[in-house]
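Chain by chain, the residues run as shown.
There are 2 protein chains.
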Amino acid sequence: MNNEDFFETYGFSIEELNELLKTKQYRQLREKINDINEVDLAEFLEDLDQEQRLLVFRMLHKDNAADVFANLPVEVQAQIIISITDTELKSIVDELYVDDAVDMLEELPATVVRRVLKNATPETRKLINQFLKYPEDSAGSIMTAEYLSLKKEMRVLNAFDYIRTHGQDSETIYVLFVTDNERHLEGIVTVKDLLMHPYETRISDIMDDNIIKCTTTDDQEEVAELFNRYDLISLAVTDQENRLVGIVTVDDIVDVMEDEATEDIEKMAAILPTDKSYFQTGIFETWKSRIPWLMLLMVSATFTGVIINNFENALATCVALTGFIPMLMDTAGNCGSQASVTVIRALSLNDVEFRDILKVLWKELRVAIFCGASLAIVNFVKIFLIDRTLFHNSSITLMVDLAVCVTLFVTVICAKLVGCSLPMIAEKFGFDPAVMASPFITTIVDAVSLLIYFSFARVLLGIG
Amino acid sequence: MNNEDFFETYGFSIEELNELLKTKQYRQLREKINDINEVDLAEFLEDLDQEQRLLVFRMLHKDNAADVFANLPVEVQAQIIISITDTELKSIVDELYVDDAVDMLEELPATVVRRVLKNATPETRKLINQFLKYPEDSAGSIMTAEYLSLKKEMRVLNAFDYIRTHGQDSETIYVLFVTDNERHLEGIVTVKDLLMHPYETRISDIMDDNIIKCTTTDDQEEVAELFNRYDLISLAVTDQENRLVGIVTVDDIVDVMEDEATEDIEKMAAILPTDKSYFQTGIFETWKSRIPWLMLLMVSATFTGVIINNFENALATCVALTGFIPMLMDTAGNCGSQASVTVIRALSLNDVEFRDILKVLWKELRVAIFCGASLAIVNFVKIFLIDRTLFHNSSITLMVDLAVCVTLFVTVICAKLVGCSLPMIAEKFGFDPAVMASPFITTIVDAVSLLIYFSFARVLLGIG
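Each protein sequence line maps, in turn, to chains A and B. For the first sequence, our numbering gives the first residue as 1, with consecutive numbering after it. For the second sequence, our numbering gives the first residue as 465, with consecutive numbering after it.
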């Protein structure tokens, strides 16, 4: 948040806070900071030095402290945990939502984790340990345990009483889950439903028993799709026996969607995805995520080299041909990556499935014919007018021009067809389609375009 | 939703519904379909033929009909509007949320729009017309008018009464907005706050007056950032005079985030973004979105050709050099796009800003040195062992090998530095950094890599 927005929201500036801190006007500072949203306050704390940060953190009201703590980066959390007393730590751990606690513990060093668990209540400790076991990127790993469950015999009035008594610590109170005594999920009721019905109505009469839910082992991407499809604000997570074990809330799904998009984008650029943000990733880690594909693609480009070497004679006879290689390869690569990226995105949004492959090929074929024709015509004219006439390059004959442009046309079609089909085939066989994006397609399409080029050169120019 | 999940949720299958429809058991069909979630039901309707669809649509309860209608694709909506009576249309238009109505009207043909507006109440018509004026992709264009606003003198009990009376048509009742008589936004209170306080508490005592909000002209991407940052479920939208005019809800933001990610991905693949899904976009439209960049990149690849032509003599003297051109160009392009895509994503997630440019360059330089060195060493050994020794290609001397690998090393460094800096510079000057991705970077980096290659060839091999 920039200073201007900050001032507009709170009526005082970050500089004023720093001034109060510097001049030790702690009473006024305490008043002001407890008025600030936990996200903005965490950002303010992050910018302070270690000592000041601890000082300000201790000024926070108990319930506020845990919220702010959950919004701090893990390095700062670790450093606070080390500096505070057991009593302080205990009260924070008790207030933290289980999903936030688990997120933190997954990244903290083992000694710090032990100190946190030691200061948790036995109940929380058991929950945390259970949550830590769910596989990464599963519904279990992003769910939280703070939800409210009702019984279907309750009436609306009882439900409100229950919410008043137990709702304070729940991450959302707007969707309530109806369970039997074995925690089997029986229905869902919203606070809106409760408010719209008379106090004496039974929950069983207003609950929705067509339940949209997921299980702990479902992939977080599937969970995000459910939220997107049904416009949910929270979703029940059950175990294999349909027992309610947690809920996922929409704010976590927003993060999941962002992470998944980043992951797809990274894969498309031949990067192995990392979970961390740009500056959090070290030099060595970044190297490790980038080098495997670079190495593989470099070695596979050898084939392109072999093709060129096999046509050395053709190139020696007609040197003008070499100059068009980069243009042909680049255009082929661009066409292929346009098709592949479009299809990959459509696959990940479920707009396209494998059974649509013929429909996709047919569409891409027609688009490719239009693209190929427009590019070939423009290029033909350009080569004739600029390269041949303007630059007086007499080695570029009309036949050379023709060979280049026919190649261009055929290459564009091949590139689009390869580009759209490979991701779909990859998905069919259980591979990640995103990996079949630009760099991989480029390498294949390069070789294809050269083969086409030299074949046409041979036929049209009678060389090779 | 697949058939299996459908059956698990509702206890009957889609085939059963089709069977009931075919055998004209309309009473049972009506009972079943009114039990189905509006999203699933819309999907079921979509698959029916025109006549059956209208038949089933007319079986829906009044309040259900509008919800299902809002979930249908616009072609189907248009076709239903044309087929139903004015009375039926009126009741749907009245029940539709303004944001859904506006989304639909933006895509319908003018004659259908006129019919819809004619059947709206004067109030709704005025609202719709006002909403249609907000610029595309602004907060105004995604907000809705169905929210609840309270007065600060109210007590919790009055607030609940108010919600009970007016909440049915509101898109969310969980966040309530406190306004004065001129609709100026004074505070925000959640249903959770109301439930956690005694009935006689005044709203002014529990409302939060540090209001996170946006204005109608804010870009939807900024609005999505606010939701993400503060974990919101809805957000107030005000006009320039701080008067509340609408709210944005998190389900719309989930769509915005998906659209924005798709847009970024398309731009990175040199495609002009479209709003429509893969099969909704026609052949000509797809051609139009792909050809501009293809054309531009094809023409700019001419420079690469010019560079090669200028070194024709060098290439004629040492034909082995030509075979390595694709590998060098591809590797440079891949390195450049890795760096550019990483930085573009970091920019769009606000992990990186322009003032970090030196930090980014310094990081990329070090990563590039590691990547370049590993690639060069592997390549040196590979060329020596495979190309020279195994394939007995005597024209590949140690000096040629050296020239290729030194070029590779230097090229990787240049590619990474160009790749990371161009998107940041583009953003600084108000351009979209996503356009500075793979294809654009590749074209630049191709030329750079060839210049480096021929310079080293000249120095190390004494040719050219």
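Honestly, I wouldn't trust all of these hints.
Said to hold, decoys possible - Ranges of calculated distance between the beta carbons of each label pair, as one might list FRET restraints:
hint, chain 1, residue 1, chain 2, residue 2, range
1, A, Arg30, B, Asn593, 34 to 40 Å
2, B, Leu822, A, His61, 38 to 44 Å
3, A, Tyr26, B, Glu817, 21 to 27 Å
4, B, Asp469, A, Glu136, 20 to 26 Å
5, B, Leu849, A, Ile377, 41 to 47 Å
6, A, Glu136, B, Asp550, 37 to 43 Å
7, A, Glu353, B, Asp669, 24 to 30 Å
8, B, Val770, A, Glu353, 29 to 35 Å
9, A, Gly430, B, Arg647, 52 to 58 Å
10, A, Glu4, B, Glu515, 30 to 36 Å
11, B, Asn706, A, Thr87, 20 to 26 Å
12, A, Gly430, B, Val763, 52 to 58 Å
13, B, Asn593, A, Thr217, 47 to 53 Å
By construction, these hints were calculated from the structure, which means they are not laboratory data. From the three backbone atoms N, C-alpha and C, an ideal C-beta is built for every residue, glycine too.
Quick rundown of the hints versus the structure:
1. A:Arg30 to B:Asn593: 34 to 40 Å: violated (50 Å)
2. B:Leu822 to A:His61: 38 to 44 Å: holds (40 Å)
3. A:Tyr26 to B:Glu817: 21 to 27 Å: violated (33 Å)
4. B:Asp469 to A:Glu136: 20 to 26 Å: Hint holds: Cβ distance 24 Å, inside 20 to 26 Å.
5. B:Leu849 to A:Ile377: 41 to 47 Å: holds (46 Å)
6. A:Glu136 to B:Asp550: 37 to 43 Å: The hint (37 to 43 Å, Cβ to Cβ) is violated, given that Glu136 (chain A) and Asp550 (chain B) are roughly 56 Å apart.
7. A:Glu353 to B:Asp669: 24 to 30 Å: Taking Cβ atoms as reference, Glu353 (chain A) and Asp669 (chain B) lie about 55 Å apart, which means the hint is violated.
8. B:Val770 to A:Glu353: 29 to 35 Å: The hint (29 to 35 Å, Cβ to Cβ) is violated, given that Val770 (chain B) and Glu353 (chain A) are roughly 45 Å apart.
9. A:Gly430 to B:Arg647: 52 to 58 Å: holds (55 Å)
10. A:Glu4 to B:Glu515: 30 to 36 Å: violated (59 Å)
11. B:Asn706 to A:Thr87: 20 to 26 Å: violated (44 Å)
12. A:Gly430 to B:Val763: 52 to 58 Å: violated (41 Å)
13. B:Asn593 to A:Thr217: 47 to 53 Å: holds (50 Å)
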